[in-house]
Amino acid sequence: MDDSRPIFVQIAEKIENDIIDGTLPEETQVPSTNQFAAFYQINPATAAKGVNVLVDDGILYKKRGIGMFIKEGARAVLIEKRKEQFYEQYVLSMVREAKKLGITQDQLADMIRRGENKE
Amino acid sequence: MSVVVETKGLRKAYKDTVAVDNVSLKIAENKIYGLLGRNGAGKTTLMHLMTAQQLPTSGELKVFGENPYENERVLKRTCFIKESQKYPDTFRVKDVLETAADFFPGWDREYAYSLADEFRLPLRRGMKKLSRGMLASVGIIVGIASRAPLTIFDEPYLGLDAVARSLFYDRLMEDYTEHPRTIVLSTHLIDEISKLLEHVILIEGGKLLLDEDADALRGRAIRVSGPAFKVNEFAEGRKTVHRQTLGGLVSAVVIGDGDGGDRERAQRLGLSSETVTLQQLVVHMTNASNANPERKAEI
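Chains as they are written, first to last, in the working numbering: chain A, 871 to 989; chain B, 324 to 622.
By construction, these hints were calculated from the structure, which means they are not laboratory data. Heads up, the beta-carbon is just placed ideally off N, CA and C, and yes, glycines get one too. A couple of the hints might just be wrong.
[What the hints assert, rightly or not] The list that follows gives simulated cross-link-like pairs (lysine-lysine, DSBU-like), each with its CA atoms no further than 30 Å apart: (1) B:LYS354 to A:LYS932; (2) A:LYS932 to A:LYS884; (3) B:LYS518 to A:LYS919; (4) B:LYS331 to B:LYS349; (5) B:LYS553 to A:LYS969; (6) B:LYS385 to B:LYS451; (7) A:LYS919 to B:LYS354.
[Claimed, not checked] Ranges of calculated distance between the beta carbons of each label pair, as one might list FRET restraints: (8) B:GLU395 to A:VAL925: 16 to 26 Å; (9) B:LYS338 to A:LYS884: 46 to 56 Å; (10) B:ARG561 to A:ASP872: 19 to 29 Å; (11) B:ASN362 to A:LYS953: 49 to 59 Å; (12) B:GLU389 to A:GLY937: 50 to 60 Å; (13) B:GLY593 to A:PHE956: 14 to 24 Å; (14) A:ASN922 to B:GLY363: 53 to 63 Å; (15) A:PRO895 to B:ASP425: 45 to 55 Å; (16) B:ASN610 to A:GLN905: 35 to 45 Å; (17) B:LYS553 to A:PHE956: 25 to 35 Å; (18) B:PRO550 to A:ASP891: 34 to 44 Å; (19) A:GLU958 to B:ASN610: 31 to 41 Å; (20) A:ARG984 to B:GLU352: 54 to 64 Å; (21) A:VAL925 to B:GLU383: 32 to 42 Å.
Generate coordinates for the entire structure from the input sequences, incorporating the hints supplied.
Pasting the structure below:
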């Protein structure tokens with residue numbers, strides 16, 4: 871956990887990542903608030919807040935007396951959301967840095983292709 | 324939200340110093356609080372007042388809705404683990420664990436002994452012969468196994484090595500999860516325990532400097548660096564808690580909104596930026612208050 875960002879946000883992101891990469895498939899149960907708290911040595915109220923963010927977003931739902939489950943279709947919703955963030959987080963800052971260094975659009979496109987080939 | 328401790332204008336003055344100065348706060352039920360501040364900031368005096376070990380000079384103090392002074396109903400529900408705890412001369416570790424049952428209605432004897440085993444405490448050794456770390460471990464065990472509805476730890480880890488401290492955090496959180504209660508952890512080492520805290524109270528010079536949700540403080544401040552005029556443009560109309568210059572370059576820690584907007588704005592101005600940890604924010608705010616002792620931090 872990074873102490874310079876709200877921990878509940880980091881817990882929510884961690885669950886989102888696990889849903890996106892398939893570690894937590896749809897309709898499976900997510901660990902309980904207390905399990906998250908024990909695993910990351912964080913306050914249980916903070917862990918609960920992170921889980922509740924995803925309930926409010928319609929990613930998780932509660933089965934009474936059992937626990938939190940991942941909604942069907944959650945993965946697609948999250949991927950769409952992340953694509954939006956990808957533009958804000960990566961593309962905009964990349965373009966700004968490229969401008970600073972005098973990298974042209976063609977050179978930038980070239981670099982992206984080079985990076986893709988490497989992967 | 325049920326309130327466990329409430330103070331209004333609480334003040335404790337000694338002959339020539341004011342240790343606690345006009346402190347008004349509320350401590351809510353079943354939350355974990357960090358009571359932070361430098362050595363000599365007034366943390367210990369505040370805890371002594373809350374646990375009725377000292378009388379306030381003026382102001383109001385209520386614990387579980389009552390005046391705690393010589394009040395058995397309140398004190399039975401309170402456990403205060405202090406650094407300088409004195410024990411009767413003849414007491415062994417075992418005697419402390421047995422006697423605790425008389426003080427704390429919620430005392431879990433079996434659990435206390437299993438913790439003593441985990442902390443590798445020699446049960447038959449006299450309290451006077453314990454190392455500093457072992458003494459700290461006894462305090463921690465009493466604090467956890469007492470299950471008191473209000474449990475206060477004053478710098479509980481002194482003399483403990485990293486392994487034992489980690490064991491303390493693990494067992495405290497485990498037991499808190501199963502048996503929720505109000506916990507106040509006083510410390511000047513924030514990094515290790517900050518993740519355990521739900522709420523932060525920061526005092527400096529006896530005054531209340533911060534009383535906020537811990538998560539709301541993480542990422543609230545941002546450090547920007549770049550040419551002075553751009554940093555000034557960024558910091559315009561905001562509170563700056565720290566400022567450093569290097570030639571024409573300025574680095575400033577500015578209190579922001581805590582959303583992504585601040586970093587975005589810094590980037591657009593061509594400033595490099597990073598978010599500030601809870602520990603760094605507390606250090607900067609403490610220093611800023613020393614520079615401006617009359618101003619309560621408003622963030």
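Hint-by-hint comparison with the structure:
no., hint, in the structure
1, B:LYS354 to A:LYS932, "24 Å, holds"
2, A:LYS932 to A:LYS884, "19 Å, holds"
3, B:LYS518 to A:LYS919, "14 Å, holds"
4, B:LYS331 to B:LYS349, "9 Å, holds"
5, B:LYS553 to A:LYS969, "18 Å, holds"
6, B:LYS385 to B:LYS451, "35 Å, violated"
7, A:LYS919 to B:LYS354, "14 Å, holds"
8, B:GLU395 to A:VAL925: 16 to 26 Å, "44 Å, violated"
9, B:LYS338 to A:LYS884: 46 to 56 Å, "54 Å, holds"
10, B:ARG561 to A:ASP872: 19 to 29 Å, "23 Å, holds"
11, B:ASN362 to A:LYS953: 49 to 59 Å, "50 Å, holds"
12, B:GLU389 to A:GLY937: 50 to 60 Å, "39 Å, violated"
13, B:GLY593 to A:PHE956: 14 to 24 Å, "23 Å, holds"
14, A:ASN922 to B:GLY363: 53 to 63 Å, "40 Å, violated"
15, A:PRO895 to B:ASP425: 45 to 55 Å, "54 Å, holds"
16, B:ASN610 to A:GLN905: 35 to 45 Å, "39 Å, holds"
17, B:LYS553 to A:PHE956: 25 to 35 Å, "28 Å, holds"
18, B:PRO550 to A:ASP891: 34 to 44 Å, "41 Å, holds"
19, A:GLU958 to B:ASN610: 31 to 41 Å, "34 Å, holds"
20, A:ARG984 to B:GLU352: 54 to 64 Å, "59 Å, holds"
21, A:VAL925 to B:GLU383: 32 to 42 Å, "40 Å, holds"
Going through the hint list in order, the structure does not satisfy hints 6, 8, 12 and 14.
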